[in-house]
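Protein chains: 2
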Amino acid sequence: MDKRVPARKKETRGLVIVYTGQGKGKTTAAFGLLFRGWGSGLRMCAIQFIKSERGKWGEVATARKLGIEWHRVGDGFTWLSKDMDETVARARHGWALAQEKIASGDYDLILLDEFTYPLHYGWLEAGEVIAWLQANKPAGLHLVITGRNAPEALVAYADLVTEMQAVKHPFEQGIPTQPGIEY
Amino acid sequence: MDKRVPARKKETRGLVIVYTGQGKGKTTAAFGLLFRGWGSGLRMCAIQFIKSERGKWGEVATARKLGIEWHRVGDGFTWLSKDMDETVARARHGWALAQEKIASGDYDLILLDEFTYPLHYGWLEAGEVIAWLQANKPAGLHLVITGRNAPEALVAYADLVTEMQAVKHPFEQGIPTQPGIEY
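Protein sequences, first through last, are from chains A and B. Just so you know, we're using this note's numbering here: the first sequence kicks off at 1 and counts up by one. Just so you know, we're using this note's numbering here: the second sequence kicks off at 1 and counts up by one.
These aren't lab readings, by the way, just hints derived from the structure by calculation. Incorrect hints may appear among the rest.
Because identical chains cannot be distinguished in the list, a pair is counted as satisfied if it fits within a single copy or across any two copies.
[Stated by the list, open to error] In the DSS-like style, the derived pairs of lysine-lysine whose C-alpha atoms are separated by at most 30 angstroms in a straight line are:
id, residue 1, residue 2
1, 51, 137
2, 101, 51
3, 137, 168
4, 168, 101
5, 168, 65
6, 168, 56
7, 101, 65
8, 101, 137
9, 65, 51
Given the structure is predicted, the values throughout are model-derived calculations rather than measurements.
Chain A extracted, bound-state conformation:
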C-alpha cells in the first residue's frame, strides 16, 4: 500500500475503467485486474462480447480453474460478420446479460470485454447504455470495459481511461501469434 496516499478513510468507490486505443494490451490489462482482484477476494464476472464459445483461449482455462464466472456471447466477428443480424442480436443478448449481472449487486468487479464495438458500430445506443449504468450500477462495483474506439460518452462517464498505443508490433515483423501470449 502506497504510504504517500493521504491518510483518509477509504471509501469503497467502484471505478469505471476503460482500456482503449489501437495498441495491444487492452484485454490483457483487464485480465491483470482479474489476476489482482482474485487474490484480494473480489467477486468477479467477465462477459466477452466478440469472442465465441468455440475458441480455445488461455484466459478461459484460467477462469475455469479459478472459479471466475465467464461468458462469451460473440460469434467471433465484428464488422466482418457475414450475418449481421446474428452479430447484433448477440451483442444485445450480451448487454441484457451484463445488465442482469450489474444490477444484481453480487459482484465487486465486472469485465465487459470488447464492449466498445457494439457501441461504436451502433448495435447498442451508447447514450442509453451510459444512462442505464448511471442509474443502475452499484456504487461499489468496479466496471472494466475494453476495446478500440471507445465512444465519447463512455470516456466522459469513466473514471479511468487509458489508451494503448502500438509502438512496435510483431505481426509487422512476420512473427506468428504465440499460444499463451496472444490467446
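Following the hints, position chain B against chain A.
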C-alpha cells in the same frame, strides 16, 4: 484462435514484450499475461524491481495461491530514495537474479516488472543489459518488461512495445486508490 492467421507451422518464438508510457495499465497488462499464461500451463516467474517485500499486494496473494514464483527486490523507492546506494544495490541484485532465471531455461515467461527504472536512471547500463539478453535469452522464452521511460535500446530490441497513455485518471478527481484494483 484467430482463423484469419495464415496457416503455417507455429514456431515457438519467445517474444520480448514492453509495456511503457505514462498511463495506467502497464504492470496490470503484464499480470494479464500471467493470468492467460497460467491457464495455458506456461512456467512463469516474476521479479518486481521497485516493490518491496513489506507491502501487501493483491497480485502477490494471487501468485502465491497459483504457485507462480514471485520475487520483490525493491525498497519501494526510485528517484525518491533516501538511500540511493541501497536502491542501486537492490536493482543490481534483482538483475543478477533475473539473469540466473533467464539463463536457466526453466521458464516460458519471465516478468521483469518496473525494470525500465534501473535502466532509465542508469543504475544498470542499458546497452550491457540488452547485449546480455541477446546472447543469453533462450529463443522460446517470453520476456515481459514494464515501466515508464523505456530506453531506446530496449524498444529497439523488443518485439512488441505498447505505450499506455493516460486519457483520464481518478486521482485527478480526488478518488482514493481502491484495494484489489490499484494494489
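When no copy is specified for residue 101 and residue 137, does a C-alpha distance of 30 angstroms or less occur within a copy, between copies, both, or neither?
within (10 angstroms within a copy, 45 angstroms between copies)
My question is about residue 101 and residue 51: at a cut-off of 30 angstroms on alpha-carbon distance, are they close within one copy, between copies, both, or neither?
within (19 angstroms within a copy, 35 angstroms between copies)
Pop the pair residue 101 and residue 65 into one bin, within, between, both or neither, using alpha-carbon distances up to 30 angstroms.
both (21 angstroms within a copy, 27 angstroms between copies)
State whether the alpha carbon distance between residue 137 and residue 168 is at most 30 angstroms within one copy, between copies, both, or neither.
between (37 angstroms within a copy, 20 angstroms between copies)
Is it within, between, both or neither when you check residue 168 against residue 56 at 30 angstroms Cα-Cα?
within (26 angstroms within a copy, 34 angstroms between copies)
30 angstroms Cα threshold - placement of residue 51 relative to residue 65
both (19 angstroms within a copy, 28 angstroms between copies)
Given a CA cutoff of 30 angstroms, do residue 51 and residue 137 count as a within-copy pair, a between-copy pair, both, or neither?
Result: close within a single copy only, 24 angstroms intra versus 33 angstroms inter.
Could you place residue 168 and residue 65 in one of the four classes (within, between, both, neither) given a Cα distance threshold of 30 angstroms?
This pair counts as neither: shortest intra-copy Cα distance 33 angstroms, inter-copy 34 angstroms.
Is it within, between, both, or neither for residue 168 and residue 101, if the alpha carbons may be no more than 30 angstroms apart?
For residue 168 and residue 101, the Cα distance is within 30 angstroms only across copies (26 angstroms; inside one copy 37 angstroms).
Going through the hint list in order, the structure does not satisfy hint 5, though it satisfies all others.
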